[in-house]
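Take the given structure of chain A and dock chain B to it, following the hints.
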Amino acid sequence: MGVTAGRYGDCAVRCVVDDLASAHRLHRLLLDSSLPGVVNVVPAWRTVVVTVTEPRFVDDVRAFASAADLASAATSDSLLHVLRVVYDGPDLAEVAALAGVAVDEVVARHSAPDYVVAFLGFAPGFPYLAGLDASLATPRLATPRQRVPAGSVGIAGSVTGIYPADSPGGWRIIGRVDDVLFDVHRTPPALLAPGDTVRFLPA
Amino acid sequence: MTGLRVVRAGPRTTVQDAGRHGYAHLGVPAAGVADSASAATANAAVGNLPDAAVLESTLGGDLLEADADLVVAVVGAGPIRVERLRTGEQLRVGRADGAYLYVAVAGGIAVDPVLGSRSTDSLSGLGPPVLRTGAVVPIGPADMSDPRDRLEEGGSDNPVMEVWPGPHLGLLRQGLYDDLLAHVWTVTPAADRVALRLSGPELSPGVDGIDSEGLVPGAIQVPPDGQPVLFLANHPPTGGYPVAAVVAHEALPRAAQSRPGARLRFAAAQPRD
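Chains as they are written, first to last, in this note's numbering: chain A, 44 to 246; chain B, 606 to 878.
Simulated from the structure, these hints should not be mistaken for lab results.
Glycine residues also receive a C-beta, built at the ideal position from the N, C-alpha and C atoms.
Just to be clear, a hint being listed does not mean it is correct.
Per label pair, the in silico range of CB-to-CB distance [stated by the list, open to error]:
(1) A:LEU244 with B:ASP784: 49 to 57 Å
(2) A:LEU78 with B:PRO718: 17 to 25 Å
(3) A:ARG242 with B:ASP783: 44 to 52 Å
(4) B:PRO743 with A:ALA64: 43 to 51 Å
Here chain A stands alone, though its shape is the one from the complex (with noise of 0.2 Å):
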């Protein structure tokens, strides 16, 4: 298990490691540690990108990195969400036949695993959870939505998530989740984190 440390023009470094927990371990260890002038750490599906102020606070990270003793990282922090999830999407119907499942298949699928979350993007709070079933991958819709309702979970190719504020947007909705994902006057403010697990349950 080790950890790929390149610099990512002069005021970053792109760390590549073997899999999504390797991700989530060597966050937790650039955010523990007080390494000077950071920025930002967002991991991903195998990397983990962090941004400094200034090109010369990049080699003290990138030595860091490429030292990090994976194993070490502490995994206790991570919380189970259930989410209590309408399965009435505008979509639903589209992602049972191209699954070529009835509806109620689709529920049971969507709802029978429980999903890591991989990272949080594209808008605060927003996650991207891994996990679904291979049977339920759908392309994007070609044309995005002008407004996806907060709390609209959705499926974009293998990945299924869940909008937490009104938006445009391109992934096939199949349902609806109350609970509040991104408040700015909460600490933290997401409700997810990444190597959170979460569980959807058909309300």
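Chain B in isolation, oriented as in the chain A frame:
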């Protein structure tokens, strides 16, 4: 309360500071000033720390009025201006030389921070609202330093920007990086604080997308249509298209100040040791 009144707002004027740091892993863009060099110059001119919140005026043209005695600097519209305004005095901000001009006030713009920053995030909507006509922004207490009136005008008009190779060249068509450096690129009207959308020869990336990963300011992405996208301060935290090059830190202010119609070229950055 000490305030600065927007008697007439320019096309798009927002409050910006160094940005909202530490929340990108929760999907929150950093935002912040598009041209950090000009903003720092404006702050220095009034005795503020470089990261104090300022007004960022897109294209300029605002009319401002002091609600109290204020020291104000304007950078990015001709020579640097530093003015002492008495209560009720107005300041007509000229047209920006580039895309943005900056107005700093001694004491800093003191709107309430959101998640540690006073920046308006044009992508997610977080932070203070865009300043409309009639808005009054609070000003923080100024310290006793005198404004500096001997300041170097920073930046150059050189349209050639240094870039570093991007991390996804191995996935992109062979020769794409050379093509990016060989051609002249025109800034399209779709440019904003999030990114410059450039038009020029179709680059034929050869790949439709990549697994999403963290983006950086200055990243030049090549989507399937082969037209480069150069991300600026308000870039999204993650992106799903390959990055062919990254603009050097020193050149980013110049990139941000490029207006629609500007013609840009990129050159390979030389390592300095």
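Hint by hint, here is what the structure shows:
no.	hint	result
1	A:LEU244 with B:ASP784: 49 to 57 Å	holds (52 Å)
2	A:LEU78 with B:PRO718: 17 to 25 Å	holds (23 Å)
3	A:ARG242 with B:ASP783: 44 to 52 Å	holds (50 Å)
4	B:PRO743 with A:ALA64: 43 to 51 Å	holds (46 Å)
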